[in-house]
Amino acid sequence: MLLVLSEEHKEHLAFLPKVDAAVVAEFGRIALEFLRRGSSPKIYEGAARKLCVSVEMVQHGVEGLMFLMTESSKHMISEVDFLDSVLVLGFGDELNQILLQLYEQHRSQIRSILSQLPSNVPAYHNLEWRLDVQLASRSLRQQIVPMLTLRLLLTRGCDSHSDQISRVFQTDPRTLQHLISTLEVALATMKTSHARRILRNIK
Amino acid sequence: MRFRFCGDLDCPDWVLAEISTLAKLSSVKMKLLCAQVLKDLLGEGIDYDKIAKLTADAKFESGDIKASVAVLSFIFSSAAKHDVDSESLSSELQQLGLPKEHTTGLCRSYEDKHSALQDKLRETSLRLGRLEAVSWRVDYTLSSSELREVNEPTIQLKLQVQGAESGSTETAVFSVSADKFRVLLAELKQAQALMNALQ
Numbered sequence: 001m002l003l004v005l006s007e008e009h010k011e012h013l014a015f016l017p018k019v020d021a022a023v024v025a026e027f028g029r030i031a032l033e034f035l036r037r038g039s040s041p042k043i044y045e046g047a048a049r050k051l052c053v054s055v056e057m058v059q060h061g062v063e064g065l066m067f068l069m070t071e072s073s074k075h076m077i078s079e080v081d082f083l084d085s086v087l088v089l090g091f092g093d094e095l096n097q098i099l100l101q102l103y104e105q106h107r108s109q110i111r112s113i114l115s116q117l118p119s120n121v122p123a124y125h126n127l128e129w130r131l132d133v134q135l136a137s138r139s140l141r142q143q144i145v146p147m148l149t150l151r152l153l154l155t156r157g158c159d160s161h162s163d164q165i166s167r168v169f170q171t172d173p174r175t176l177q178h179l180i181s182t183l184e185v186a187l188a189t190m191k192t193s194h195a196r197r198i199l200r201n202i203k
Numbered sequence: 001m002r003f004r005f006c007g008d009l010d011c012p013d014w015v016l017a018e019i020s021t022l023a024k025l026s027s028v029k030m031k032l033l034c035a036q037v038l039k040d041l042l043g044e045g046i047d048y049d050k051i052a053k054l055t056a057d058a059k060f061e062s063g064d065i066k067a068s069v070a071v072l073s074f075i076f077s078s079a080a081k082h083d084v085d086s087e088s089l090s091s092e093l094q095q096l097g098l099p100k101e102h103t104t105g106l107c108r109s110y111e112d113k114h115s116a117l118q119d120k121l122r123e124t125s126l127r128l129g130r131l132e133a134v135s136w137r138v139d140y141t142l143s144s145s146e147l148r149e150v151n152e153p154t155i156q157l158k159l160q161v162q163g164a165e166s167g168s169t170e171t172a173v174f175s176v177s178a179d180k181f182r183v184l185l186a187e188l189k190q191a192q193a194l195m196n197a198l199q
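Heads up: the sequence lines are chains A and B, in that order. In terms of full-length UniProt numbering, the first sequence has 43 at position 43, counting the first letter as 1, and numbering is strictly consecutive. In terms of full-length UniProt numbering, the second sequence has 140 at position 140, counting the first letter as 1, and numbering is strictly consecutive.
Since the hints were derived computationally from the structure, they do not count as laboratory data. Treat the hints with care, as some may be off.
Selected chain B positions facing chain A (in silico; Cβ < 10 Å) [what the hints assert, rightly or not]: (1) ALA56; (2) LEU126; (3) GLU146; (4) GLU165; (5) GLN190; (6) LEU198.
These numbers come from a predicted model, not from an experiment. Note that the Cβ used here is the ideal one computed from N, Cα and C, for glycine as well.
So that you can see chain A by itself, here it is in the shape it has in the complex (with noise of 0.2 Å):
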């Protein structure tokens, strides 16, 4: 499939065949530390009083480079379709071939990236427990309690040390039971026919 690119996107672009092939590549590294850990403004500013230019136009162009990576590497677009898409830009060929370069080498980093961003849902990370037995409270002696004490651990988002979540709550045996029970029968829902067919057909 071929890139739309807006005209905006077209405009911002155009700042990179003023410049050699060496400052492009520049750009697309900064273009991709920018998707890792964000941009900075004296890098901006670094390159735009080395070029001579405005900083609005350094950041254009590093903006531009990075949408237009994101957008290939999200719909995977082939080597064809990618020098056709910036055909439109009326680059030279050198230019374009820097541009493929970069895609290629970095495209799977990317996606790696991207698909890191939707941290949508709580994922299990860790579950500790603890068996008591409550003997006796304030207000009643000699009992026999016994309880489960259990603290869940969640991360949200993609490494393990990203805001941690802790839940913390108690259950007595019975209950435990039918916790354990309910988790067996959804693990073997695994191992359904009906389950099995699905997952046979999406390899």
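With chain A fixed as given, assemble chain B onto it according to the hints.
Frame of chain A; chain B shown alone:
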């Protein structure tokens, strides 16, 4: 096959696979590696450079090094968790294919640190809202805006608690009148007597 050191469950596949990696080390290096892993489990920190030097002869890559540390950590902590004695551990590991000299070295290290490991695991067990500090102060109220002569003692208590859900320190400050405090103290003494009866 059920193994005691896995809690009477099957041995995980990755443990089986990495035991063959461990067998590539010489038994002397294996014992030194066990000592390093035990240090880590007891919270004394781990020295990756030493481990890298130990495994350099067997030409372990970084993946192999991490795997062997992981499998030794699993074996030690799981055996301590299920209170397995070292003879059973030795026979089970040999059943899984770990050579005899390696097993002997491992089990000797395990036996030495068995109770220390269990103490450390007991410490790290789940505990909610630990009490960290208690401070108190006794005041004597002379008078107030409501009543000219009050003449009553009160106690101010500050409890620092590790929050159950958040894990960070929370502070509770409150004042207790003399009567209420007597009730509180009596109840807590009864709870203490119950706890001592169980020790």
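Right, here's what the structure says about each hint:
1. Below 10 Å, beta-carbon pairs count as interface contacts, and ALA56 of chain B has none with chain A, the closest being about 30 Å; its hint is therefore violated.
2. Hint status for LEU126 of chain B: holds, given a least beta-carbon distance of 4 Å to chain A, under 10 Å.
3. The criterion of a C-beta within 10 Å of any C-beta in chain A is not met by GLU146 of chain B, whose closest approach is roughly 32 Å, and the hint is violated.
4. For GLU165 of chain B, the interface hint holds, the least distance from its beta-carbon to any beta-carbon of chain A being 5 Å, beneath 10 Å.
5. The interface hint given for GLN190 of chain B holds, since its Cβ lies 8 Å from the closest Cβ of chain A, which is under the 10 Å cut-off.
6. Taking 10 Å as the C-beta cut-off, the interface hint given for LEU198 of chain B holds, the closest approach to chain A being about 8 Å.
Checked against the numbered hints above, the structure breaks hints 1, 3 and satisfies the rest.
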